[in-house]
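Q: Sequence:
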Amino acid sequence: MWGWLRRPASGPADTSHTEAAPQSYAQWSTWLDRLAQGDDDARCLAQLHQGQLSWSGGVAPLFVERISTEVQRRLGLCAERLTRNLRLGVDESLVVRALLQARHELAFIHQLCLLPAVPESTRSQLGAEVRKFAERAQQSLLDTAQSDRSGRLASLLRHNALTRYANPPAQNELHDTPAPTTVETAAGAPRRRNILS
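Numbering of the sequence shown is given in the numbering used here, commencing with residue 1 and proceeding in unit increments.
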């Protein structure tokens, strides 16, 4: 989706060193750099899941640091995007869409934590970070929902819980959310239901 490689005038570029599944730390670093761009996540993740790495010569701490940094960076971006989207969510459909988008992002981060080349202990630690993030965010949202006397916001949060990221929403769910909800005012005129304070 983005041209990080340019074709020389003499012919097509040789992309074998970037398209192959990573085997060395240098190759892993290249793929992680591409992953950090955020433009080709699915392809990068697929290649990383096929990669292998020899844990020798001081490679282990460098590799773990790179993976951990990317996981933390994406969790931070997820939090920022969710906060921004919920602030814009003046109707139920936008709130649901924001929650589903966050779950989709958490599902990707969860898969990033499960790379076969990463030792089991590190996978467990990274996975725990994602789980704690989802649990804290979900509880924070539920606490905020207490100000909604109708209880509708709390219901939406529970039915679209962030903690269910292991079962990510389908792509069409991210776009085909219900039409915005309206309610009647005392005078009978419809208005958009503002469920966020």
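FYI, nobody ran anything at the bench for these hints, they're computed from the structure.
Be a bit skeptical, because a hint or two may be false.
Unchecked claim - For lysine to aspartate or glutamate, the following EDC-like pairs were computed, each having C-alpha atoms within a straight-line distance of at most 20 Å:
1) K132 - D143
2) K132 - E120
3) K132 - E70
4) K132 - E80
Q: It remains to establish, for every hint, whether it holds in the given structure.
A: Hints, one by one, checked against the model:
For a cut-off of 20 Å, the pair hint linking K132 to D143 stands: about 16 Å separates their Cα positions. Proximity of K132 to E120 is assessed by CA-CA distance (about 18 Å); at most 20 Å being required, the pair is judged to hold. Between K132 and E70 the alpha-carbon distance is near 17 Å, which keeps this suggested pair within the 20 Å criterion. Of the pairs offered as hints, the one joining K132 and E80 holds, with about 16 Å between alpha carbons and a cut-off of 20 Å not exceeded.
Figure legend: structure checked against the earlier numbered hints; every hint is met.
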